[in-house]
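Asker: The residues making up each chain are set out below.
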Amino acid sequence: MQSSLRIVWIYPDLLSTYGDQGNVLVLEQRARRRGIPVEVVHVRSSDPVPEQGDIYLIGGGEDRPQILGAERLRRDGGLHRAIQRGASLLAVCAGYQIMGSVFGGEEGQPVPGIGLLDISSGRGERRSVGELAAEVDPSLGLPTLTGFENHMGVTRLGPGVTPLSRTLVGTGNGDGTEGCFAGKIIGTYLHGPALARNPALADLLLRWAAGPLPAIDDSWYERLRNERLGAVLKP
Amino acid sequence: MSQLPLRAQLASALGRTAATLSRATGRGDGSVIGGRVGLLLEPDLLRKLAHEKKLALVSATNGKTTTTRLIASALQELGEVATNAFGANMPAGHVSALSSNKAAPYGVLEVDEKYLPEVLSTTEAGVVTLMNLSRDQMDRAAEIWLLAQKWRRALAGKPAHVIANCDDPLVTWGASTAARVTWVAGGQRWHEDSWCCPECGGPLDRAEGIVNADWACRECTFSRPEPNWILDGEDAVDPRGDRWRLNLQLPGTANRSNAVIALATAAAFGLEPQRALPRLREVKSVAGRYTTVERDGRVMKLLLAKNPAGWLEAFDVTRPDRPIVLSVNAQGPDGRDTSWLWDVDYRILTGRHVYVTGERRLDLALRLDVAGVGFTLVDTFGQAVTALPPGDIDVIANYTAFQSIRTEFGRAV
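Top line first, the protein sequences correspond to chains A and B.
Using the numbering used here, you'd call the opening residue of the first sequence number 1 and step up by one each time.
Using the numbering used here, you'd call the opening residue of the second sequence number 1 and step up by one each time.
Treat the hints as calculated values from the structure; they're not laboratory data.
What you were told as hints is all true, and nothing was included just to trick you.
Have a look at the derived ranges for each label pair, beta carbon to beta carbon:
#1 B:Gly-351 <-> A:Ala-215: 24 to 32 Å
#2 B:Gly-241 <-> A:Val-232: 56 to 64 Å
#3 B:Pro-320 <-> A:Glu-51: 37 to 45 Å
#4 A:Gly-130 <-> B:Thr-386: 32 to 40 Å
#5 A:His-80 <-> B:Pro-225: 35 to 43 Å
#6 B:Arg-275 <-> A:Ala-231: 48 to 56 Å
#7 A:Ala-231 <-> B:Glu-199: 36 to 44 Å
#8 B:Ser-121 <-> A:Asp-175: 40 to 48 Å
#9 A:Ala-231 <-> B:Asp-345: 26 to 34 Å
#10 A:Arg-34 <-> B:Gly-241: 56 to 64 Å
#11 B:Gly-391 <-> A:Ala-215: 37 to 45 Å
Facing chain B, a subset of chain A residues (Cβ under 8 Å, in silico):
#12 Leu-25
#13 Arg-64
#14 Trp-220
Don't be surprised by glycine CBs; every beta carbon is placed ideally from N, CA and C.
Work the whole structure out from these sequences, hints included.
Answerer: Now the structure itself:
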């Protein structure tokens with residue numbers, strides 16, 4: 001890591017439809033509260049993706065911006081080089097699908113992704129809209145995932161990735177799992193402020209970039225988590 | 001004497017009865033139930049009711065209800081106007097509005113963005129007014145790029161005269177297939193949904209923060225059309241170059257933008273600004289928005305904000321020296337997804353006395369905590385009011401939160 005933690009937000013002009021800025025703000029806050037200096041870089045789709053970032057974020061969006069975003073990331077190559085250097089990445093919804101080999105376009109036509117995750121996505125029969133709760137893969141040691149999904153995607157996971165979680169409520173990938181991870185790349189259908197609802201996931205990304213972290217006051221995060229999980233996981 | 005066929009007259013009369021019952025039993029303002037009963041009996045009713053009127057349709061993400069009210073007020077200068085004043089903006093509400101005043105020669109209808117193609121095709125309205133498109137209740141609303149595409153298809157080949165805000169690139173794109181467009185430089189505060197060219201996806205280059213600011217795609221020929229009307233600070237500038245000081249009672253930049261668009265729409269009906277403007281100045285509250293209510297010496301100014309662009313406009317109207325109460329729900333009409341809270345920049349509230357309430361107050365509390373804005377969390381709106389000393393209070397709430405405050409404090413309109 002360099003002197004400050006570099007958080008790179010990819011293409012907010014194309015892919016930031018669902019409060020995706022939230023993930024940027026939460027990472028920034030949680031790093032600063034631990035005394036880690038932070039530099040946030042917003043990369044517009046007309047600009048090159050810098051290779052020297054520590055944590056990369058890409059968000060959700062409509063069909064056309066998703067196709068444009070995939071084309072530009074492929075042409076640019078900066079994100080691929082950053083991942084090879086060991087950077088971590090959180091890819092959300094449309095951004096998650098882009099990381100695979102293929103995803104569904106406006107009419108369901110296959111559109112090539114950028115191949116950073118061993119997944120392939122297509123369009124499902126109906127839109128999945130609502131709260132989601134899921135148990136995270138035990139190897140990551142994270143508490144129950146909570147968030148909101150809104151997508152028509154169905155994602156098949158290949159042998160090169162591990163499911164991020166098993167759904168208790170909601171659709172996720174469409175096969176009983178939600179999201180996936182491989183190395184330091186995490187993909188999820190949970191909307192932009194997913195890290196606000198899952199601060200432990202934010203800390204996992206921060207640890208990958210900055211090493212062990214001291215505990216901080218999580219009371220507002222915990223109150224929101226408890227309320228949301230309580231609303232969907234009734235005993 | 002109505003020209004409607006007997007079946008349509010019957011359908012419309014039964015609809016009015018249902019509306020009266022809805023109001024009398026306190027279930028609503030009656031504008032939707034009345035129209036639904038009418039539409040069940042006569043699907044062609046809207047077409048028949050519209051056929052007799054000179055009609056304007058008004059659509060946008062934000063400002064629909066207010067602009068509809070401003071245009072309706074202006075057109076009263078020409079004659080009676082039928083309008084859906086309570087924001088019931090789907091076909092059932094349109095039937096209800098038009099059948100409640102069948103003799104009126106004019107109609108001004110607020111139309112939900114998704115329904116615009118259908119309502120335009122049914123009513124064959126002569127004037128269509130389009131203001132802005134931005135992200136809004138994504139769990140149930142259409143994606144806005146797709147929406148603008150549908151507007152393009154609906155307007156192509158129609159004779160309708162379109163009045164459109166050329167400072168919003170997506171609206172410009174949506175309107176530009178129309179045969180005749182009057183372009184209004186109405187401004188655009190929220191830029192987050194228009195960094196990219198709707199035509200080719202290339203980057204839009206925009207001059208920031210300047211009145212009547214130009215924009216153009218860096219990669220294709222799509223660019224801002226020359227405006228016919230311009231909002232310049234407190235003034236509207238008409239196509240002849242004459243300046244009109246707006247002097248509205250409605251507060252804020254967003255309402256000045258709504259007003260210049262209303263003046264351009266009135267002009268499409270042949271009504272000049274010198275006659276239209278005094279009517280706009282009479283409007284001081286629209287369906288409870290901008291209303292001031294009072295309890296025990298607390299004077300509360302109620303603002304409705306349903307999405308990130310709407311919150312920006314609401315902040316513009318609040319006063320930094322006043323305490324502010326924020327109330328957020330996530331019921332069906334609000335959108336069940338609160339992700340949009342993260343698209344609002346709340347840092348403008350730093351240093352103010354902020355109270356947070358509503359069913360999703362914990363979502364908002366965390367949002368403010370991350371923004372570094374101090375606040376007090378309260379379980380109910382009433383607790384915030386009691387906790388504050390007598391004096392002026394700003395209140396911003398989203399849809400059902402706003403309605404519940406209005407219900408508690410009376411439906412002053």
